[in-house]
Amino acid sequence: TPLWADGLGLGRVALPEEIAAWDLDVSPDGTGLPPGSGDVWTGEEIFAEKCAVCHGDFAEGVGNWPKLAGGRGTLDREDPLKTVGSYWPYLSTGWDYINRSMPFGAAQTLEPDEVYAILAYILYSNDLVDEDFTLSQENFTSVSMPNAQGFFVDDRLTSEQYFWTTEPCMQDCKETVEITMRARVLDVTPEETAASEAGTASAA
Amino acid sequence: MSDKADKFVPSRRQFLAGAAAAGAGAAATGAAQAAGQADPLITEVQDWASGLGDGVDATPYGLPIRFEQDVVRRNVEWLTADTISSINFTPIHALDGTITPQGCAFERHHSGAIELAKEDYRLMINGLVDRPLVFSYADLERFPRENRVYFCECAANSGMEWAGAQLNGAQFTHGMIHNMEYSGVSLRSLLEEAGLAAAGDFKDKWVYVEGADASSNGRSIPLEKALDDVLVAFKANGEALRKEHGYPVRLVVPGWEGNMWIKWLRRIEVTDGPVESREETSKYTDTMEDGSARKWTWEMDAKSVITSPSPQAPITHGTGPLVITGLAWSGRGAITGVDVSKDGGKTWAEARLAAPGTDKALTRFYLDTDWDGSEMLLQARARDSSGYVQPTKTQLREVRGLNSIYHNNAIQTWWVKADGEAENVEVS
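Just so you know, the protein sequences line up as chains D and G, in that order.
Just so we're aligned: the first sequence equals residues 1 to 204 in our numbering.
Just so we're aligned: the second sequence equals residues 205 to 632 in our numbering.
Just so you know, the hints here were simulated from the structure itself, not pulled from any lab data.
Possibly wrong hints are sitting among the right ones.
[To be verified] Rough simulated footprint, nothing fancy, chain G against chain D, three-plus residues with beta-carbon under 8 Å:
no., region
1, 15-22
2, 63-69
3, 91-102
4, 144-152
5, 156-169
6, 174-180
All of these numbers come straight from a predicted model, not from anything done at the bench.
Note that CB positions come from ideal geometry on N, CA and C, so glycine has one too.
Let the sequences and hints guide you as you build the complete structure.
Here it is as structure tokens:
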């Protein structure tokens, strides 16, 4: 049957206001951005109030929480620091994610202008804009992200082609085998405990 | 209750020591019986052979017997900032067969496991469709249904092992995986219901899928895959999805990284291009040695692991017959064979598949062997129907370096010592 057949007649037509409530995603070309704007200093205030407890006053991260700034030039190092400034290819992702999923534990509580302002502050924290910068729907796509060209589409079928072509060795595959690393030396595995409610419930 | 429970909660080392002692005891009992001493478990009438067990009303929905309470999900605290956006691990070292019991099947959430009732559930299809639609849960149950078994493997499974041998147990190194029989409807049938004439040429179109939770976990999937084998599932292993696995509805994306298996699925949007959401830019992109990164690494390549013996499943029965067993799987097709090495990859023997491999699902393998008590460096190597042979970690590192985080499908080595204990190691 053709894909544009009439179907089974299940479901109902979604109303425009329902689509508007749920379809919030913003694409790299800016599609989906609502009208609005916010500047760095407004963003700093909001960030201090709603974000800094986890992400630090300067977006540098607290404890194990994500660092949003810094790390430029570290991607080819042993322990790369991947942040909005050093790694993220598109600014749209920042707007989309903050708007839909942050703050952690109180998502979808920010107004569009607040999201613009917070993102302006994150850009400033990454030394990507000046302190008097205002981010808006109009100038959004003119902001260039340092790692915009840093990604390429999965190339395993070519770059790892020999994993398909090798006839696997079965006998005399190598002369010697040495142990080069041991997990027990590192000793970071949790002790095994079974203190689950499920376990105790059935034991009781 | 907790006092009683604590008695059943040995530390790992106590557990291992206890298991070893029990093994030795069993061997000694066997020897005593050979010398003519009768086993009191046989010669004396036991309580369970005389008194009564539980009535049929005791357990309307049962849990495993208390002796099995170490077969549970575990987490590793230092891996994540908190336990809400975090991971836990399936106890694959203690399971057999291929179907993962839902109650101990791993969890990965980005803003916790939410509670969403069927009555409150809505699924929207919008974007480049002829009619944007809203479905209730009851609507979904009226579409033609399919049943399929697939593995769901987190893209980060074995990710902590990129830099070296870190976590000591198959549960921790390979346990971000489960394998269930899903019942649901094809995503294709739902998209057909909305009509795809508006999408024009399918080749360059995508769907953006997202969950009802705060994280949303939005991902972009090529329309071609969406129309191929993706399921909108509401049952797993015969019953409703567990809350933590997306109740009442999740996406099943056969062979592809677990992050794309959107839980609490609430919206499917047909789009002109990928959204390049947080979960496909900041996360689930694979950094290479030169600092560039692969994106859209969707397929999970062929992989295997020996689940027993393993660090959490030591040999406790002494020398003689030994069952070496494990799991193999591939996101590119069916497992066609598994080779097992006992000497760190110098020589290999073909293992026995418990059943022929099926498309993008776990396959159980066995190698029945005779252990002479000497040390072993155990490895398994999977092969799949695309002709792919599971690589060593060295081979993967040559292409990718150490910072990929995701998609580590390298051959795992367990060092089994003369006392039967096993350790996660790397070998030359």
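Broken hints, by number: Per hint list: zero violations.
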